[in-house]
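Enquirer: As given, the protein sequences belong to chains A and B, one line each in that order.
For the record, in the first sequence the residue sitting at position 186 is 186 according to full-length UniProt numbering, with numbers rising by one throughout.
For the record, in the second sequence the residue sitting at position 346 is 346 according to full-length UniProt numbering, with numbers rising by one throughout.
Hints in this document: simulated from the structure, not taken from any laboratory.
Treat the numbers as computed from the prediction; the structure is a model and nothing was measured.
Incorrect hints may have been included.
What the hints assert, rightly or not - Quick list of simulated restraints, FRET-style, between CB atoms:
1) Pro326/A <-> Thr322/B: 28 to 36 Å
2) Thr322/B <-> Pro578/A: 50 to 58 Å
3) Glu394/B <-> Glu99/A: 44 to 52 Å
4) Glu132/A <-> Gly379/B: 51 to 59 Å
5) Thr322/B <-> Arg264/A: 51 to 59 Å
Even for Gly, the Cβ is constructed at its ideal location relative to N, Cα and C.
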Amino acid sequence: MGSSELKRSKDSVESARWSSFPDEVLERVLSLLKSHRDRSSVSLVCKDWYNAERWSRTHVFIGNCYSVSPEIVARRFPRIRSVTLKGKPRFSDFNLVPENWGADIHAWLVVFAAKYPFLEELRLKRMAISDESLEFLAISFPNFKALSLLSCDGFSTNGLAAIATHCKNLTELDIQENGIDDKGGSWLSCFPESFTSLEVLNFANLTSDINFDALEKLVGRCKSMRVLKLNRSVSLEQLQRLLVSAPQLAELGTGSFSQELTIREYEELESTLSICKNMHTLSGLWDAKGIYLPALYPACSHLTFLNLSYAALQSVELAKLLAHCPRLKRLWVLDTVEDKGLEAVGLNCPLLEELRVFPADPFDDEIVHGVTEAGFVAVSFGCPRLHYVLYFCRQMTNAAVATIVQNCPDFTHFRLCIMNPGQPDYLTNEPMDEAFGAVVKTCTKLQRLSVSGLLTDLTFEYIGRYAKNLETLSVAFAGRSDWGMQCVLGGCPKLRKLEIRDCPFGNAALLSGLEKYESMRSLWMSACNVTMNGCRLLAREMPRLNVEVMKEDGSDESQADKVYVYRSIAGPRRDAPPSVLTL
Amino acid sequence: MDYTKMAKCIKLTFDLKLFSFPSAFSSAVLKAVIHLLPFLTFSKFFFRKRVCLEKFVVLMSPPLLGVEEEGQSDVSSPPVECISQNDLGLKERNYLGLSDCSSVNISGVSSFPEGNSNNLNLKATELRLGLPGSQSPERDADLCLLKSGKPDEKPLFPLLPSKDGICSSSQKGVVSGYKRGFSDTMDGLSPVKGSLYTEKDWMFCGAGSESQPVGHGNSGVNVMSARSSGVQASVKKDGPVNAQATNVTNLKQAGNSNLNISAPAAKAQVVGWPPIRPFRTKTLASSSKISDEVDGKPGPGALFVKVSMNGAPYLRKVDLRTYSTYRELSSALGKMFSCFTLGPCGSHGASGTEISSESKWKDLSHGSEYVLTYEDKDGDWMLVGDVPWEMFIETCKRLKIMKSTDANGLAPRATEKSKIDQ
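Build the full structure now, drawing on both the sequences and the hints.
Expert: This is the structure we're talking about:
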């Protein structure tokens, strides 16, 4: 026997010993594994398990579309039915990334059309997708069922029309917070008369009027619809008509909640809503008028997620509403509810796990309203299960944060945004170091942290030392020297995403993480003190990292204005626009 | 006295007002100042790279343009004396009253040497009285000096004739700040905050060519829309390229080697801050716009009007619905603006603030110094106090605290009515 055959037979003997049951059984068992992290672990066990895993995987999650190429994915996983792809760096949501940066889905769709003709689901986040791509998608995959677009751009309602026209088996159309070119509501009419399979319809993102007739008929014939999120153009009266044909809805996003109603119309609405006993998620409520909110009360008894982030409620209105929502687990509000509203949250929602408070007027400095540290503290006293918070405020103190994490030590996501960059503790005028120190020391399960306010390197020392489970860190206008970033890169063993803007971190900090970046998904640094030479050095030392620098017009030649570093097995990308230099 | 010197004096005035007070009061005032200036605290200027300077510039210039010379010098000459009296006794502090602070932090500056506390970008805090977009030659020179050379060059304009080095925030911030001042303020002179630009630009960036001026409460809606159309023009990408080009060219000519000019001047000053998705800001903006269109009508909800005061560097907004009488309004305004009306060298104990400011306001409003005026729906400026309160809040679009000498020619109010309460 040749040496290779010898080796092969040795391997098979080895593997026969280890995998003591047939491949089919292993695949069957592994197909029950849903978490992609578990699957990654499984695939590392041995070659057999790797193969079994890849043949049994039906859903692939790609956190950075440039970390891998579609061909590589198709080669490894032959049986994919569902793909989740994320593209641009998160700061593209805040206009920090040039428009034509990339993350175009089309190349992926072409490969998928060839390799995964039975693709059913596509979930995209921060990708660029054109109408042509949407049409291509609609035509190429006869079994296509679910499309979810979050924070994407490049397409218009014409693309949606193509989806509606061609996807005969569509169950989910979820368009969220995208940069969509809204050309009108006629796309809804493109669903054929025979089409009845829709279960999830979310077009809250769109601004133009839709053809209500078509919508009413669509909702009427899709008996399995469980998620319906309307846009603002749908009035209360229209909502009532829709609900009559869809009382089974589990998630409802209302349209505009402020139409003038007669008493009779109001009562009709109230009675229709009271039939919606399955409702666990309520959102929309655009321009909600306090006087109509009581119509919702009967529908709120099983509510677990209430999204009021587009309804500028006052504190009293919120308090009254929350009195009817005892089971609430997730709450999103605008800061118009103020601290008093948040006190009501603490009083009425003991099961609360997630709170997001958005600013109603983020760019208006003059109005000293909104929420303060007092509101956050009040919630923490009343809601010990709180583990996810996103809080926009204009003032905060170290003591308040210490109290908050003492009350709620289970934080996994702590995102605090003190809207004035570099603002200290407003009572003591000290930096907010101790606040975030308390967070990382007390909340051992912390996975995601966004810091703000006046911060010295001490904050980052704390983070590096204590945040052992931290995966995502967002930093802006903070730190004093390279040492801060070095602490984070030297600590935080589980760090995957680090995004930094407007901090005094330079090349020394950037290069201190040389070994770290390959274990991370990505690093973003903008408006820091990193130079082109530093980036070139990084690119040279770490060939498996893609180091991209985005230059701005008129900026200094040697400064690297925006740096995006990520690991990739696909090599440097070839579709970068001229403003993006790949080193 | 040229504008630059005036500006420096006024700036010193503000600084010293805080410094010269007893520490308890000063910390209370500081707290109030921080409350009052969420975005305008000087700390921002220190710490932020791209400084919202023109916010400050814009605020300064239009109200002050209307102020006579003597108005300026009234305010500024006393401080000069105060400076000489007080500066030796003063601990070097940054604007927040933090001394030699380890807590002072400037983002974006890796350059400053270790242990260099008091990193103040004083240039950035300097009050400018020129037209927005205009630059005195001295300022050009300042810019040049600031920009030339390496990041670790210190700024050259100490707050006080002071000893140890005071570092600038990164030149980037400073110059970008000035840059902002050019293009976006070139079009109009109305007292609109720079953050408005942020917001508009924000929306423009996120929303393509959609242009929605953001409502900011009731008053000044006209102002706003005029402003916004002006800003729109400069913000749209195919807008007046000249403004932007001039802007960038100016800065380039200034020998700006270390500049990090973020994007063409049309973009928001601090791009992407606060971190909110464009869809949300656009949506909220259009809701507030809708609500603004029905503003001025009595109804539920807040009725915000802007309050400006000659000589003050920033505007405040008050919700007229939170008051039910003129007395309440005037006492609230008196407290808000007390740091200006009390004069630079007045020192009052913390306990005395409440009483003194109200009585002082009354004295001031009766006596000689200041009167409260408002702009009604027809655009006329009237003295506050003539009409019943309900009628007043229905018609009031904007408030202004004027010197009584300036208020000549306004609709006279009955002088017998010495108490402006109902």
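Enquirer: Determine for every hint whether it applies to the structure shown.
Expert: Structure-based check of each hint:
At roughly 33 Å, the beta-carbon separation of Pro326/A and Thr322/B lies within the given 28 to 36 Å, and the hint holds. Between Thr322/B and Pro578/A, the C-beta spacing of about 54 Å keeps the proposed range 50 to 58 Å intact. Between Glu394/B and Glu99/A the Cβ separation comes to about 46 Å, which falls inside the hinted range of 44 to 52 Å. Taking the beta carbon of each, Glu132/A and Gly379/B are about 53 Å apart, inside 51 to 59 Å as hinted.
For Thr322/B and Arg264/A, the hinted distance range of 51 to 59 Å is not satisfied, since their beta carbons lie about 36 Å from each other.
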